[in-house]
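*Asks:* With the hints as constraints, model all of the structure from the sequences given.
Chain residues, written in single-letter form:
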Amino acid sequence: MSTRKLKSITLATLAGTALLGLAACSEVPQVTVYEQGEYRGKADTRPWEGGEFKGDRAAWEKALKERARGQNEYNRIQ
Amino acid sequence: MGRMKFLCDAERCIECNGCVTACKNEHEVPWGVNRRRVVTMNDGVPGERSISVACMHCSDAPCMAVCPTDCFYKTEDGVVLHDKDKCIGCGYCFYACPFGAPQFPNGPAAFGARGKMDKCTFCAGGPEETGSAAEYEKYGSNRLAEGKLPLCAEMCSTKALIAGDADVVANIFRERVLRRGTGAEVWGWDAAYGGGERKQERKREGQS
Numbered sequence: 001m002s003t004r005k006l007k008s009i010t011l012a013t014l015a016g017t018a019l020l021g022l023a024a025c026s027e028v029p030q031v032t033v034y035e036q037g038e039y040r041g042k043a044d045t046r047p048w049e050g051g052e053f054k055g056d057r058a059a060w061e062k063a064l065k066e067r068a069r070g071q072n073e074y075n076r077i078q
Numbered sequence: 001m002g003r004m005k006f007l008c009d010a011e012r013c014i015e016c017n018g019c020v021t022a023c024k025n026e027h028e029v030p031w032g033v034n035r036r037r038v039v040t041m042n043d044g045v046p047g048e049r050s051i052s053v054a055c056m057h058c059s060d061a062p063c064m065a066v067c068p069t070d071c072f073y074k075t076e077d078g079v080v081l082h083d084k085d086k087c088i089g090c091g092y093c094f095y096a097c098p099f100g101a102p103q104f105p106n107g108p109a110a111f112g113a114r115g116k117m118d119k120c121t122f123c124a125g126g127p128e129e130t131g132s133a134a135e136y137e138k139y140g141s142n143r144l145a146e147g148k149l150p151l152c153a154e155m156c157s158t159k160a161l162i163a164g165d166a167d168v169v170a171n172i173f174r175e176r177v178l179r180r181g182t183g184a185e186v187w188g189w190d191a192a193y194g195g196g197e198r199k200q201e202r203k204r205e206g207q208s
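Chains as they are written, first to last, in my numbering: chain Z, 1 to 78; chain F, 1 to 208.
Each hint should be verified, as a subset may be incorrect.
Here are the simulated DSSO-like cross-link-like pairs (lysine-lysine), alpha carbons at most 27 Å apart as the crow flies [to be verified]:
1) K148(F) - K42(Z)
2) K65(Z) - K203(F)
3) K138(F) - K74(F)
4) K86(F) - K42(Z)
5) K199(F) - K148(F)
6) K148(F) - K84(F)
7) K24(F) - K86(F)
8) K116(F) - K138(F)
9) K42(Z) - K199(F)
10) K74(F) - K54(Z)
11) K74(F) - K84(F)
12) K148(F) - K54(Z)
13) K138(F) - K24(F)
14) K148(F) - K203(F)
15) K159(F) - K148(F)
16) K62(Z) - K74(F)
17) K42(Z) - K116(F)
18) K116(F) - K24(F)
19) K54(Z) - K65(Z)
20) K148(F) - K62(Z)
21) K65(Z) - K24(F)
22) K65(Z) - K159(F)
23) K86(F) - K62(Z)
24) K86(F) - K116(F)
25) K42(Z) - K84(F)
26) K54(Z) - K116(F)
27) K74(F) - K116(F)
28) K159(F) - K54(Z)
29) K84(F) - K54(Z)
30) K65(Z) - K74(F)
31) K42(Z) - K54(Z)
32) K42(Z) - K159(F)
33) K86(F) - K138(F)
34) K74(F) - K24(F)
35) K159(F) - K84(F)
36) K203(F) - K24(F)
37) K159(F) - K24(F)
No lab work stands behind these hints: they were computed from the structure.
*Replies:* Here's what the structure looks like:
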C-alpha cells in the first residue's frame, strides 16, 4: 500500500471519528411542544339516546329542566 | 342544553353528610373511595360553614389536560367522564384536581398499584351501554339517562346542594340570596382567606 493511500485512509478515519465525537455537542431543542390530546377511550352514548327517552332529546331536556327547577322550594310553595 | 354544574349553598348546608351517604349507596362505591365529601371550615367555631365537594365538572378540566392516556372526555352537557379501561392509575389527575375529586380504590399505594381512578360522574354513568351491568359495575348508576339529576342533590334535605343546568342552578341561588338578603358574601376571596378583621390586618400590613 502506498504512503499516499495510507494517508488518505488515516485522514478519513480521523474525520469520521471527529464527526462521531462531536455529534453529541450539537444543540438539543429544550422547549417542549405540548400537543392537545384527544379522547382515546370507548365512545359513549348520549343520555337521551338510550333508556326511556329513545333519542327524544327535547323530552329529555324538558324532564331535566323541570327536575332542576323543582329544587327551588319557592316554586313549590307558591 | 348548557353545562351541568353543582352548587353548594354554605348558608344552608348542615353537615349531615346525607349527600355522601346517598352517593355511596346509589353507586355502591367501594370502601375507601368517596366521590363526595363534606368540608367544614372553622369547625366548632360559631359561624362555621360547610360545603359538599365532589368533582366540579370543570369547563377547562385540569385532569383532562394531564391524563397521559387521554382517558377523559366531556359530554355535550359538560359532564367530565373517563374510560376506566384506559386508566392506568398513575394519579396525575389527583395531583391536578383542585378539589381532590379523583379517588383510588387501593388508596395511597405505589405507582401501578392504586387501581383505576374513580370519581363523581354527575350520575351519568360512563362509556358503556346505558343501564348495563358493566356500566353500573364500573361507573355506577346512570340517572341522567333516566331524566333525573344526581341523587346527592335531589335528596339534600335543606336543598343546600343543587345540581343541573348552570343557568337554572344560578337562578335558584340568585332568588334565594335576594329573598334572604344574605349569602352571596360567603363565596369568594373573603370567605376563603378571611374578611373583617383579617382584611383590615392585611390592609394595614400592605400600608406599612
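*Asks:* Indicate, hint by hint, whether the structure satisfies it.
*Replies:* Okay, the hints, checked on the actual structure:
As the CA atoms of K148(F) and K42(Z) are separated by approximately 24 Å, the hinted pair is consistent with the 27 Å bound. Restraint check: the Cα-Cα separation between K65(Z) and K203(F) comes to about 45 Å, which exceeds 27 Å; the hinted pair is violated. Restraint check for K138(F) and K74(F): satisfied, since their Cα atoms lie roughly 17 Å apart, inside the 27 Å limit. For the given pair, K86(F) sits about 9 Å from K42(Z) by alpha-carbon distance, which is consistent with the 27 Å threshold.
At roughly 43 Å between alpha-carbon atoms, K199(F) and K148(F) are farther apart than 27 Å, so this suggested pair is violated. Simply put, K148(F) and K84(F) have alpha-carbon atoms about 24 Å apart, close enough for the 27 Å limit, and the pair holds. For the given pair, K24(F) sits about 24 Å from K86(F) by alpha-carbon distance, which is consistent with the 27 Å threshold. About 10 Å separates the Cα atoms of K116(F) and K138(F), which keeps this hinted pair within 27 Å; it holds.
Of the pairs offered as hints, the one joining K42(Z) and K199(F) is violated, with about 50 Å between alpha carbons and a cut-off of 27 Å exceeded. Between K74(F) and K54(Z) the CA atoms are separated by roughly 21 Å; this keeps the pair inside 27 Å, and the hint holds. Distance hint between K74(F) and K84(F) is fulfilled; the C-alpha atoms sit about 14 Å from each other, no more than 27 Å. For the given pair, K148(F) sits about 15 Å from K54(Z) by alpha-carbon distance, which is consistent with the 27 Å threshold.
Distance check on the hinted pair: K138(F) and K24(F) sit about 14 Å apart at the alpha-carbon level, within 27 Å; holds. Taking the CA atoms of K148(F) and K203(F), the gap is about 48 Å. The hint is violated against a cut of 27 Å. With a C-alpha separation of about 16 Å, the suggested pair K159(F) and K148(F) falls inside the 27 Å cut-off, and the hint holds. A threshold of 27 Å between alpha carbons decides the hint, and for K62(Z) with K74(F) the separation of about 21 Å falls inside it, so the pair holds.
Using a Cα cut-off of 27 Å, the hinted pair K42(Z) and K116(F) holds, with the two alpha carbons roughly 16 Å apart. Only pairs whose Cα atoms come within 27 Å are accepted, and K116(F) paired with K24(F) is accepted, the gap being roughly 17 Å. Simply put, K54(Z) and K65(Z) have alpha-carbon atoms about 18 Å apart, close enough for the 27 Å limit, and the pair holds. For the suggested pair K148(F) and K62(Z), the alpha carbons sit about 11 Å apart, so the restraint of at most 27 Å is met.
Restraint check: the Cα-Cα separation between K65(Z) and K24(F) comes to about 25 Å, which is no more than 27 Å; the hinted pair holds. Restraint check: the Cα-Cα separation between K65(Z) and K159(F) comes to about 16 Å, which is no more than 27 Å; the hinted pair holds. A distance of roughly 34 Å separates the Cα atoms of K86(F) and K62(Z); the hinted pair therefore is violated under the 27 Å criterion. Proposed proximity of K86(F) and K116(F) is supported: the alpha carbons are some 9 Å apart, at most 27 Å.
Taken as a hint, the K42(Z) and K84(F) pair is honoured in the structure, with Cα atoms around 10 Å apart against an allowance of 27 Å. Proposed proximity of K54(Z) and K116(F) is contradicted: the alpha carbons are some 31 Å apart, above 27 Å. Straight-line distance between C-alpha atoms of K74(F) and K116(F) comes to about 19 Å, which keeps the hinted pair within the 27 Å bound. Restraint check for K159(F) and K54(Z): not satisfied, since their Cα atoms lie roughly 31 Å apart, outside the 27 Å limit.
Under the criterion of a C-alpha separation no larger than 27 Å, the hint pairing K84(F) with K54(Z) is consistent with the structure, at around 26 Å. Proximity of K65(Z) to K74(F) is assessed by CA-CA distance (about 20 Å); at most 27 Å being required, the pair is judged to hold. Straight-line distance between C-alpha atoms of K42(Z) and K54(Z) comes to about 21 Å, which keeps the hinted pair within the 27 Å bound. Among the hinted pairs, K42(Z) with K159(F) is inconsistent with the structure: their alpha-carbon atoms are about 35 Å apart, more than 27 Å.
Only pairs whose Cα atoms come within 27 Å are accepted, and K86(F) paired with K138(F) is accepted, the gap being roughly 12 Å. Between K74(F) and K24(F) the alpha-carbon distance is near 23 Å, which keeps this suggested pair within the 27 Å criterion. Among the hinted pairs, K159(F) with K84(F) is inconsistent with the structure: their alpha-carbon atoms are about 32 Å apart, more than 27 Å. With a CA separation close to 45 Å, the supplied pair K203(F) and K24(F) exceeds the 27 Å bound.
Pair hint K159(F) plus K24(F) holds up; C-alpha atoms about 19 Å apart against a cutoff of 27 Å.
The structure shown violates the earlier hints numbered 2, 5, 9, 14, 23, 26, 28, 32, 35 and 36.
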